[in-house]
Amino acid sequence: MSVFPYLVAGWILLAGLYGLVTSRNLVQAVGCLAVAQSSTYVLLLAVGYRSGATAPVFSDLPTDAPVVDPVVQALVLTDIVVGATVTALLLSLVIQLRKRHGTVDPEELTGLRG
Amino acid sequence: MSRTARLRLFLAAAAVLAAALITAATELPGFGGHHHPYGERAVAAGLARQTANIISSVNFDQRAFDTLGEESILFGSVLGAAILLRLARDEGKRRAAAEPVLPTTRLFGATLLPVTLLVGGYLVAHGQLSPGGGFQGGVALATALHLAYVAADYRVLKRIRPLAALDVADALAAGTYAALGLIGLAQGAGYLANTLPLGTFNQMSSSGLVAVINAAVGVEVASGVVVLLAHFLDQAVEIVHNGENR
Amino acid sequence: MNTADLLPLAVAVPLLGAAVLAVTGRRLPRPGRDALATAWAAADVACLTLLWARTAPDGRAVSWLGGWSPRGGHSVGVVLVADRLGAGLALLAAVLVLAVVCYAWRYFDEPSGEHGGVFPALLLLFEAGMVGFALTGDLFDAFVFFELMGAVAYALTGYRIEDERPLQGALAFGLVNSAAAYLSLLGIGLLYARTGELGLAQIGAALDQHAAAGHGRDALVVVAFVLVLAGPLVKAATAPFHFWLPDAHAVAPSPVCMLLSGVMVELGVYGVARIHRVVFAGAGGLPDDAVRDTLLAAGVLTALVGAVMCWPQRHLKRMLAFSTVGHIGLFLIGAALLDPAGLAGSAVYVAGHAGAKAALFGLTGVLLDRYGSVDEHGLHGRARELRLTGLLFVIGALALAGLPPFGTGLGKAVAEEAAGHWGGWLPAVFVLVSALTGGAVLRAGLRVFGGLGARPAEDPEAAATTGEGEEPEIREPGRRPPVPMLLVPALLLAGCLAVGVLPGVGRALAAGAAAFTDRDGYLAQTLGGAPAPAGAAPEAWWTVPGVLLGLLSTLLAVGLATAAVRRAPGRDTSGLFRVTVLPLRRLHSGLLGDYIAWLTVGLAAMLAALTAQL
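Residue numbers (full-length UniProt numbering), protein chains in the order written: chain A, 1 to 114; chain B, 1 to 246; chain C, 1 to 614.
Excised from the complex, chain A in its bound form (with noise of 0.2 Å):
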């Protein structure tokens, strides 16, 4: 089973799209598209795997150990600090709509249309 952990990522992205489409709650939206975020980085984590290997840190370990891919570490470092930070983002502004709106349900924000 060697293609299953990218069947995994995908899963994770259409679950979190679907969520986005459905959710009747803003809170819970931007949670799925924290969810769809996460395929990346199962996907990239996958792709950087190498069996039997360790990870990419020689304090103590001999340099010539096998070790996973540390670029996809390092990207999915900087994914995560940039997803955690646009959800901050996205939050207030959730805030912000609840306190003028009344209601956090997507369906009923119909202010801009047409």
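Simulated from the structure, these hints should not be mistaken for laboratory data. Some clues are possibly wrong.
Stated by the list, open to error - Computed spacing ranges between beta-carbons, pair by pair:
#1 C/A530 - A/Q28: 51 to 59 Å
#2 B/L107 - A/R98: 30 to 38 Å
#3 C/H74 - B/P162: 20 to 28 Å
#4 C/R586 - A/R98: 23 to 31 Å
#5 C/W422 - B/A19: 26 to 34 Å
#6 C/R30 - B/A179: 25 to 33 Å
#7 A/D105 - C/R30: 33 to 41 Å
#8 C/H74 - B/F108: 51 to 59 Å
#9 B/K93 - C/R455: 42 to 50 Å
#10 A/R98 - C/R455: 35 to 43 Å
#11 B/R106 - C/R30: 57 to 65 Å
#12 B/V101 - A/T63: 48 to 56 Å
#13 B/G32 - C/D218: 20 to 28 Å
#14 B/P37 - C/D218: 14 to 22 Å
Unchecked claim - 20 Å max Cα-Cα, derived EDC-like pairs, lysine to aspartate or glutamate:
#15 A/K99 - B/D90
#16 A/K99 - B/E91
#17 B/K158 - C/E162
#18 A/K99 - C/E162
#19 A/K99 - B/D234
#20 A/K99 - C/D163
#21 B/K93 - C/E114
#22 B/K158 - B/E238
Positions of the beta carbon are idealized from the N, C-alpha and C atoms, including for glycine.
Please arrange chains B and C on chain A, whose structure you already have, making use of the hints.
Just chains B and C now, with coordinates in the frame of chain A:
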């Protein structure tokens, strides 16, 4: 579009997307394979720069420009949240109430807070050597302060949280990162070039610029997360619509 | 200073400026903050002007960050690459930021105290994101800077927290754009798995080697292409990914709209063209015909949707936003031709459009300042007193319609001629879209500033966003418009004119377009080799058919506008309108779930279209 119509439309499109992803997955190199050309070059380059934690070498040396952009996103989000969660024209602040707390909980928080600070500081300081670094340690540091809120109440947190200083520290750390890149530029080695003395492998002083940028990131993440959470907590605890009870 | 050093400096300068403003802003008085912001914005304009001047017309400046120059065609670092189009777009962003900072001097009611300096700091971060995206030669780095400009733009869009509509627009903007960015990152992951590279040039070269080793084209490349381009296509508001744009642009503060419509959306088209050209245009990528047909279809659809939706709007900023969608479609058509001539047309068009559109948003800000409304019907005749503003508004509308010798007209003429070689009917799309969008803005100008015709009757059937009851963005409503609020739009319109009148601009952009399409040159110069000279630059100057078509679209716009103004107010809408426009308007529901569903549909359609053509 009705909700049913939307769902049908989405499911049809998602089926196409799923088929495409499955086909692509079968054409990817198998999971756990040994072909990682960039990864191997990154390991060699990190070791050559006396950096034991290769992930830190990628983040703060080889691809330091990505991390500069990412720290700017954090900085921009802190500024953005400050603007979005500011006091609206029809809002005021009330004083947070003191909350009843079990003495054991209070003791637990008081014990754990310094321990967590220490762990956070350790993670930041050893970012070039062992798993961890500026991001992870910074988040741990910010978490430590918020134990005061979890184990006591908002008043205690406000007392131990130098918000104005942290706000400035966040901006200064973001600016420092961008400015550190100019060292290499001035020496003709390129922006963000690691031209500092590299030290001895596996020592605290190793890895040159990596350790310095790592520290700047630690400061920025710790102060940025505290400030960001402060805006959210203010909304939850202190800010009320004018006309509500003060 | 080395030319290569200017590339990272152009990103670092606004980042440093943002930090300085955030630290000192709370202590400085308002004029001090404005002066500081203007100085930083001007410094970056100077830096990018120098870069533009020093970049060879048919070559590029390459900067390996951290000194990680490639050895044997491989590197572990990030590279910035500037050719004339990339550097030019970065310069355009910097110039617009400077214009916006000046425009906002006396205009914007910034909060002071602990939030002092935050607004200009965010503008500078936005600038860093745009410049970084325009100059990067690395796919993951492009994702980071894409998210930087995104995150800052969401905050700037939701700036007016007292009104619910900006919050809603910013949320739609943020959710749709971030979802698209993560799709791009998935695509980057797929490409990394296949090639083990992240740089544009390295991925392109590795895909070509994969093909040269005898592997055929497979689905992985198609899926990666669609996913990676999802981000830039959504940023470019390509139909059916465009729904967030009118919501965000209608509600963002006017100075922010000038940046969003003037340059950020165009960066999406640039990203599509750049990524396709370097990564996917080789033997290991996708056949040109399949890509051309798919992107052309998307461009035509976007142009028509934008134009048809622009015409019935009464909310002035929403009208301008849909006109941006229409024009983006035209830029995409030019870029989708995949030849230097089409790209040169789009480049000139983008430069001219930035001046005209930013000026129109700025002038709409004057209306908001004075009347607290941007509603075409509610403002009917009320702005007669603002003669100069009205004159500039009408000039902007005519420029939008493609009147020679404005830069928009020149860009339209060049792109039209290039498009005519691929499909005889494509120039008709250019004329129609220019006429409808220019005509709608002209109609609004005649009504608001001239009081022409009768006040339109309300149409209860049309699901419309009105422009009434907007929060004024200013300190003292009803004052005379401050000088910068008229001077900046006037200068922007002059810039639009200069693009069409000065032959040097078109020539430089045409040479840049030839260099942009020279994939071998990009790969060779980035990975360390001697590039062969690029192909001949296309012509980018006025021709007789170009001038005539420009006059035709302007005449059509004037005709449409006068006909609409003269129309009796109570008359029923025509059957054609009911069949075409109303259903389309109902699709623009403002509902977030719909937008994400359409995003998925767009991806599925692109996947199907490309797979069918392989």
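Outcome of the hint check:
{"no.": "1", "hint": "C/A530 - A/Q28: 51 to 59 Å", "verdict": "holds (56 Å)"}
{"no.": "2", "hint": "B/L107 - A/R98: 30 to 38 Å", "verdict": "holds (36 Å)"}
{"no.": "3", "hint": "C/H74 - B/P162: 20 to 28 Å", "verdict": "violated (47 Å)"}
{"no.": "4", "hint": "C/R586 - A/R98: 23 to 31 Å", "verdict": "holds (27 Å)"}
{"no.": "5", "hint": "C/W422 - B/A19: 26 to 34 Å", "verdict": "holds (31 Å)"}
{"no.": "6", "hint": "C/R30 - B/A179: 25 to 33 Å", "verdict": "holds (26 Å)"}
{"no.": "7", "hint": "A/D105 - C/R30: 33 to 41 Å", "verdict": "holds (40 Å)"}
{"no.": "8", "hint": "C/H74 - B/F108: 51 to 59 Å", "verdict": "holds (53 Å)"}
{"no.": "9", "hint": "B/K93 - C/R455: 42 to 50 Å", "verdict": "holds (46 Å)"}
{"no.": "10", "hint": "A/R98 - C/R455: 35 to 43 Å", "verdict": "holds (37 Å)"}
{"no.": "11", "hint": "B/R106 - C/R30: 57 to 65 Å", "verdict": "violated (45 Å)"}
{"no.": "12", "hint": "B/V101 - A/T63: 48 to 56 Å", "verdict": "holds (51 Å)"}
{"no.": "13", "hint": "B/G32 - C/D218: 20 to 28 Å", "verdict": "holds (21 Å)"}
{"no.": "14", "hint": "B/P37 - C/D218: 14 to 22 Å", "verdict": "holds (20 Å)"}
{"no.": "15", "hint": "A/K99 - B/D90", "verdict": "holds (11 Å)"}
{"no.": "16", "hint": "A/K99 - B/E91", "verdict": "holds (11 Å)"}
{"no.": "17", "hint": "B/K158 - C/E162", "verdict": "violated (27 Å)"}
{"no.": "18", "hint": "A/K99 - C/E162", "verdict": "holds (9 Å)"}
{"no.": "19", "hint": "A/K99 - B/D234", "verdict": "holds (14 Å)"}
{"no.": "20", "hint": "A/K99 - C/D163", "verdict": "holds (10 Å)"}
{"no.": "21", "hint": "B/K93 - C/E114", "verdict": "holds (15 Å)"}
{"no.": "22", "hint": "B/K158 - B/E238", "verdict": "holds (12 Å)"}
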